[in-house]
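*Asks:* Below, each chain spelled out in residue letters.
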Amino acid sequence: MTSTMVVSILMTLIAASTPLLLAALGELVAEKAGVLNLGVEGMMLCGAVAGFAVAFSTGSTGIGLVAAMAAGVAASMIFAVLALSLMANQVATGLALTIFGIGASSLIGAGFVGRTVTRLQPVFPAALSEHPILRVIFGHDILVYLSFALVAGVSWFLRRTRPGLILRAVGENDASAHAIGYPVVAIRYAAVAFGGALAGLGGAYFSLALTPMWADRLTAGRGWIALALVVFSAWKPGRLLLGAYLFGAVMTLELQAKAAGIGWIAPEMLAMAPYLATIAVLTMMSLGRKTGRLDAPACLGKPFSAS
Amino acid sequence: MKQPREQDVPPRLALAHISKSFPGVKANEDISLSVSPGEIHALLGENGAGKSTLVKIIYGVQQADEGTISWNGSPVSIPSPKAARKLGIGMVFQHFSLFDAMTVIENIALGLDEAVDREELKSQVAAILQSYSLPLDPEREVHTLSVGERQRIEIVRCLLQKPKLLIMDEPTSVLTPQEVERLFATLRQIAAEGCSILYISHKLHEIKALCDSATILRGGRVVATCDPKIETTKRMAELMIGAELRKIEHGKATGSGAVRLEVKGLSLRGEPPFGTDLESVSFEARAGEILGIAGVAGNGQAELLTALSGEQLADGAEAIRLDGKAVGLEGAGPRRALGLSCVPEERNGHAAVPDFSLADNGVLTARHRLPLAPHGFISRASVKRFADGVIKLFDVRTTGNAALARSLSGGNLQKFIMGREIGQQPAVLVVSQPTWGVDAGAAAAIRQELVDLAAKGSAVVVISQDLDELLELADRLCVINEGRLSAPRPVASLGIDEIGLMMGGVHGAEAAHA
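The listed protein sequences derive, respectively, from chains G and X. Just so we're aligned: the first sequence equals residues 1 to 307 in the working numbering. Just so we're aligned: the second sequence equals residues 308 to 821 in the working numbering.
Next up, chain G with everything else stripped away, as it sits in the complex (with noise of 0.2 Å):
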């Protein structure tokens, strides 16, 4: 294997692995202030149609960028109004965005379906950013390199702020947080809100930056590994970031063996890999514990009311 390959599968599992972990950690917010918000695969695509429409209309894809952050967060809060407003089941009304978001991509994109715009261009210059080998660490967007920096911010806001702190209050005792004194249901908007936006980020990954061509359905499910790999990472920044590598390099692993043309097992067995995993991961971790509480929010899911 030559080192070009290895440059080339490492970009791959980079790019595989930046919009699992821009909606997962946004997701884990959420879920630390409690909420359950099973609609990230809907506003991922959101963000990924919108994001496409406006880089296609302007020309810009940093304008893109910013309308999917937009359309993540208009869509997160069709979800807050219903579940954390009028107190809908959670769990309904995240499938629900789930299929919405599913649709109105389809129903924005369908103009678009082919079309191409410019992708996103890697940060650093091109001496360094289309050097051979040093690539793999110059030759990226902007997207991955945020996406390494907010997990070391939300690591450092929930750990070591006080808005962190709270955060985490409201999503571990609502009722004591509100007792307190704490606007709970203002602090979950919120939450769910970054939720949406890095959604829609994540999303607009795959329609600006992975394939630059829009296309229905265009993120795959990935949002539900998403999900999954909030649960994997109990709930900490730090083990998020190797899960959604580890997850990207099963992704990569199954594309790359493709390539090779490996033929003593069959592509699906693959495809199923990432979802086997996740099954496979999640199950261990519960064996682990004795209390079978995988560290989950003590609220998570819950709905509130002020009375």
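These are computed hints drawn from the structure, not numbers from a lab. Hints are supplied without guarantee of correctness; some may be wrong.
Said to hold, decoys possible - Incomplete in silico selection of chain G near chain X, CB under 8 Å: (1) Ile166; (2) Asn173; (3) Ser176.
Using N, Cα and C, we set each Cβ at its ideal position, and we do this for glycine too.
Using the hints, position chain X against chain G.
*Replies:* What follows is chain X alone, placed relative to chain G:
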């Protein structure tokens, strides 16, 4: 208000004509009271008397419909808990506002209105812990702490804000006698430093021991204001429940009946990480007697109850005998059918399904011994008749047998659950914390039912942390301590101090501080 020593100072807190209604109920009606600086003032009343609503109004959680609140002589409005804390009002809730998965120091930080530097906060907390000699490790996670330690977090949280008025809501309901003593010492010290304390309770002897004055509420109104040091507890209790207190009448036959429940060398692994292992527990309960099991929470009571109920099976059939029949390997259903009824401590979620109606909750345990579900089909008519019977006989205040279990107050649900079990005429009834959080009137009724059940020839086992209750009820008493059960002794031969020490004995460090 009788406060001869504080004549010229305006009261720290004065309420005038406070009223508050909720749809369908007047929670507070024309309530006036005042608390002087440094005074420990008791707010006394049964569940549903309006204490909680009144306190929520003072603490800014809810707003009064009518009436005024004065603070140091000038009228104020308290729109939020934050505003209350700003005035200098601190509150320790009955159900602690704590976050189990977080450390003590994080919990304290959450209770503060402004961000305080972590190191700075640590030293402030250390200073308070020292000056009130409160043992507490700031770095421990809350779920590893005892109830007494959790309460101390709340107290420290309040003291950090240098309160002028501290509200304590039923602070002793789950403390050991030693912990209560230490709490009282702390409260007296706080009061001596000039902070007023509003002490909410229905435990009369505590109010007598601690408080300078008392306001008694009933049905949302003030029925009396008195000096608890002078007033008799009996009189205060009668004012509180609005009727003459029923005295528990013991049956005569005690201890001489046949052995109905025999437990021999029962061991059980506790559920990690917080469970306690039962180690070779042996005792017997005879027809006609009430056996009390005292102990501080978390010493194996929960495990003992699940082992007796059949939720956890014993190692061998011989470990538990019911009327001579070995049932150690039988599950909960067969044991119930044979006449072993258990009432766990947690009403909603363990003893009853919160979202089921009372009628349906009745079927859940009574179907084994009563013909409520012949051939597997539920007979609605008999089920309703059974539930109505329990509701009537045990004076359960509810809208009817269709009411959801969760809609009932703790005391009323407990009455229903006790009624459901007693109505089946069990051979043996095991009950944990029968009157926890239940008001005095209902508690007396429940205790009387237990005594009556024993008098009819059943054996009753009461697991409780409330020593007064055990001393009043039980014929013989043993203490459970780190999963081991002491030999039972006749209650008449024991003093409350002796039992308290037996209970606290394991917690060496705690007892040493008491």
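*Asks:* None of the hints should be skipped; say for each whether it holds.
*Replies:* Hints and how they fare:
no., hint, result
1, Ile166, "7 Å, holds"
2, Asn173, "5 Å, holds"
3, Ser176, "4 Å, holds"
In the structure shown, no violation is registered for any of the earlier numbered hints.
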